[in-house]
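So the protein sequences, as listed, match chains A, B and C.
When the letters of the first sequence are read in order and numbered with my numbering, they come out as residues 1 to 346.
When the letters of the second sequence are read in order and numbered with my numbering, they come out as residues 1 to 346.
When the letters of the third sequence are read in order and numbered with my numbering, they come out as residues 1 to 346.
Hints are all accurate, no fakes.
Where chains are identical, the list cannot tell them apart; a pair therefore holds if satisfied intra-copy or between any two copies.
Pairs of lysine-lysine, DSBU-like flavour, derived with a Cα cap of 35 Å:
(1) Lys58 - Lys290
(2) Lys62 - Lys188
(3) Lys62 - Lys210
(4) Lys188 - Lys58
Hints are computed from structural coordinates only; laboratory data are not their basis.
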Amino acid sequence: MADFLKQTWYMIGWAGELDDGVLARTITDTPVVAFRDTAGIVHAIHDRCPHRFAPLSKGIRKGDAIMCHYHGLTFDGAGTCVDNPLGGPVPAACRVASYPAVEQDGMLWVWLGDPALADPALIVRFPWLNDEGLRSIQGYTRVDANYELLTDNLMDLTHAKFLHPGFGGDAYSPHNTMEAGRDTVLSKYVVIDIDNPEFPENAWSSHGNKVDLWDDIQWYAPATLSLSSGVVLTGRPREEGCEIPAAHVITPESAGRSHYFWGSALPKDSPLSNDGFREVLSQAFDAEDKPMIEAAQQRMGEADFWELGPVLLGTDAPAVRVRRILREMIGNEKKSQAASAEMSAA
Amino acid sequence: MADFLKQTWYMIGWAGELDDGVLARTITDTPVVAFRDTAGIVHAIHDRCPHRFAPLSKGIRKGDAIMCHYHGLTFDGAGTCVDNPLGGPVPAACRVASYPAVEQDGMLWVWLGDPALADPALIVRFPWLNDEGLRSIQGYTRVDANYELLTDNLMDLTHAKFLHPGFGGDAYSPHNTMEAGRDTVLSKYVVIDIDNPEFPENAWSSHGNKVDLWDDIQWYAPATLSLSSGVVLTGRPREEGCEIPAAHVITPESAGRSHYFWGSALPKDSPLSNDGFREVLSQAFDAEDKPMIEAAQQRMGEADFWELGPVLLGTDAPAVRVRRILREMIGNEKKSQAASAEMSAA
Amino acid sequence: MADFLKQTWYMIGWAGELDDGVLARTITDTPVVAFRDTAGIVHAIHDRCPHRFAPLSKGIRKGDAIMCHYHGLTFDGAGTCVDNPLGGPVPAACRVASYPAVEQDGMLWVWLGDPALADPALIVRFPWLNDEGLRSIQGYTRVDANYELLTDNLMDLTHAKFLHPGFGGDAYSPHNTMEAGRDTVLSKYVVIDIDNPEFPENAWSSHGNKVDLWDDIQWYAPATLSLSSGVVLTGRPREEGCEIPAAHVITPESAGRSHYFWGSALPKDSPLSNDGFREVLSQAFDAEDKPMIEAAQQRMGEADFWELGPVLLGTDAPAVRVRRILREMIGNEKKSQAASAEMSAA
Chain A
1 MADFLKQTWY MIGWAGELDD GVLARTITDT PVVAFRDTAG IVHAIHDRCP HRFAPLSKGI
61 RKGDAIMCHY HGLTFDGAGT CVDNPLGGPV PAACRVASYP AVEQDGMLWV WLGDPALADP
121 ALIVRFPWLN DEGLRSIQGY TRVDANYELL TDNLMDLTHA KFLHPGFGGD AYSPHNTMEA
181 GRDTVLSKYV VIDIDNPEFP ENAWSSHGNK VDLWDDIQWY APATLSLSSG VVLTGRPREE
241 GCEIPAAHVI TPESAGRSHY FWGSALPKDS PLSNDGFREV LSQAFDAEDK PMIEAAQQRM
301 GEADFWELGP VLLGTDAPAV RVRRILREMI GNEKKSQAAS AEMSAA
Chain B
1 MADFLKQTWY MIGWAGELDD GVLARTITDT PVVAFRDTAG IVHAIHDRCP HRFAPLSKGI
61 RKGDAIMCHY HGLTFDGAGT CVDNPLGGPV PAACRVASYP AVEQDGMLWV WLGDPALADP
121 ALIVRFPWLN DEGLRSIQGY TRVDANYELL TDNLMDLTHA KFLHPGFGGD AYSPHNTMEA
181 GRDTVLSKYV VIDIDNPEFP ENAWSSHGNK VDLWDDIQWY APATLSLSSG VVLTGRPREE
241 GCEIPAAHVI TPESAGRSHY FWGSALPKDS PLSNDGFREV LSQAFDAEDK PMIEAAQQRM
301 GEADFWELGP VLLGTDAPAV RVRRILREMI GNEKKSQAAS AEMSAA
Chain C
1 MADFLKQTWY MIGWAGELDD GVLARTITDT PVVAFRDTAG IVHAIHDRCP HRFAPLSKGI
61 RKGDAIMCHY HGLTFDGAGT CVDNPLGGPV PAACRVASYP AVEQDGMLWV WLGDPALADP
121 ALIVRFPWLN DEGLRSIQGY TRVDANYELL TDNLMDLTHA KFLHPGFGGD AYSPHNTMEA
181 GRDTVLSKYV VIDIDNPEFP ENAWSSHGNK VDLWDDIQWY APATLSLSSG VVLTGRPREE
241 GCEIPAAHVI TPESAGRSHY FWGSALPKDS PLSNDGFREV LSQAFDAEDK PMIEAAQQRM
301 GEADFWELGP VLLGTDAPAV RVRRILREMI GNEKKSQAAS AEMSAA
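Pulled out of the complex, with its shape left as it was, chain A reads as follows:
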């Protein structure tokens, strides 16, 4: 069992993925099913019937509850068994864990830790996803790699120069600065005075003029990243250019597999259609990032990242800072857990 941050919100999916009724994803080795009740409220419960262990996500939404499709036991959002259609008493033990769930900015979040600590205010906001002045898209990529490798990827955007020719290629040699907080790291990239790359040119044309590009990417523990990318004519203030915000949220499924949720938005009047935009991003994340990150994971095998002695370059500073903060947070959680255990034992 890998070490994950426990007292935190994990994104389980996009609100739109719930339209069919239920959404099942395994998060930090725990199978979870989310569903919407008749009032539209989202609930998340353990995705395993306590009777014969069928996944409740194979079941049917019935009123405010889910009915197991194997023997009919029906559980509400609190995890309580509210019906045994075959009659007969239902033991008190017949319940499943329920997890705090929040729907916000078109995203669904669950909290698998201590429910008393589940403060929705801790969830990173992406209000622009529903900004009427923008056209937003969402995507999902499942990656056979540890979630920290995906954070590494995002916290060193210089990789675009090599892996994402459409985003810049040879010309993309950004200057980087970093600002680290207690549980956040902000990494800023700028490239000055280059030809506008294929993207964002297709989304915002520079009409043949040179441009400046920026990418401000902010990491929040454990693996939520907010990116502001933009393009502007060289030397002009950012306000005159085009900002393209993006959300990159990574949820560990297990030690070696991750859910990668990505969303972005264009100005309404951008010449790039939503389908075209989705294609651009899918090319980058599904066709370019994913195979490379999975190949690196395969080369690492089961080994710990640090034990392999990675060479550190200047460009790694943000990613390394993120890894260290996260390790410290997980370490602190363990210490406080051990302290609580000792206290209860005393």
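Once you've looked at the hints, dock chains B and C against the given chain A.
Coordinates of chains B and C only, in the frame set by chain A:
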């Protein structure tokens, strides 16, 4: 290595599966190959050549023996090497284990335990499979789940209400009674006064009248189940209705994978064709039961059923009784094995 | 981790496989990438970037080096990082292992052991692969089995009688003699006075006359085999017939998977085309040998060959001699390694 009952008959296949000459299946982690000799007698031997470990089932039937297709060593039904086509002496150690094998009622059974205990009279009979007054069909489904999960499925037929809409759906809410023997459990289900479900209506029409349904399912250790299902106009004696017998025989391949053999029969004058009947049963077992049972197995992982603390309902009584009897039988086998070992050591 | 001979040359591929720039294969659990520099010299280095562990084989050949496609670090054939396109200092630790590599007779060889011992003169020669009087073909088959099972296959050519009907079938019952050296074994097979089998008949017609066949196969540690096969009219000297040389080189990828390189050659005036010849050999190695060897490996599971107590026949003598010599060589390597370790510790 999982615990299996050792001193017992396991079904390896349907007699019809031998037509091509040889039939290979792994039973309780042991690879076995069955073949028919020139007199038509079925033999079963270990499916691994003792020379270079090729599966004998990749070989060629030659007279009363199988010739290994790698280097030609030829073994008869007793496991004796009867030919080395390249000449040269064959060491006495050049033999494979031979297992008692029985062909009966169109089924092939093997005994992997102590041959001295292999009494064919212990094999459950299904004579109706060859009843000239009936039309019988057979099927085979390989399931990625422990064999006891398949027995559970069959010993709680209330699942038809949820998983098999064609067999009853909402209206199917059977009353259950149970009779347990030393190594058998009989579980009886009746539903009174309902509209005839899609099946058996397509096999025996009630012409719009209400019907009573019955399902008497008898388990024999370790996992042979004999089912008598039937339909009759409400309130009339069973003899006036239509009985549909079925055999469900489950053979563990390994701890996590099972062979599921199923057969059933219709009256000759049933409007349902054999192909149509096979489709009805395949829909239930292949398309409905199998995915649900495999999903439950995945949710259980490697964990022991009881250690997961399953919630027990009234409807579980027959399945739970079966599990307990079987655990006791396996436990007794181990004790007597340990006692024998002690005696030999003394 | 399995035991492999370490101080030895392993074939990584055919020279022709490098035309696309880079060739990646895992050898004894070590990922290796081979590439050709601008002068045409072949280099082999560890196929994992020391920065973020991406396979360098996913990179791009750039001058005399390979550029990692993830963040641009560029390594030459000595494993030295010669460029960080993003600028900034590169730590001295930023290097990968480099392996002695040799291109000879159209084959590429690497040495993963102590470079000081890497003597190219130790590599078995196959000069006929480039003989202008012959037409040669090459092939590659990946086999899910331990490499010693492939050597076994080749050191007992009697299996052709059963597994390769095109090479002889029933009539092929060769007489075998063996000559063993310190780290070689030569096994000779002759069949006298038979009808010319399908192959070599299609490559050299006997015009309906009876023929003698020979197969001299020489094993060199760890798994390089040189085969001289031939056909001649019965009773005539070999010089009057047709010799068909073959190379069979097996490189362990891991304990349970092997690279199988095979090449052979026909006289220029043979009626069999190169495509036809490749088809004959692919039928034998890909369609006949590979499935049988993989099936045997599956039956063996993780068990050691000797622990399974294989029955030994007279025809096994060459293969058994090979296995014993190889075990002794690997054992000696370990002893001398232990002795060195002790000496350094003292």
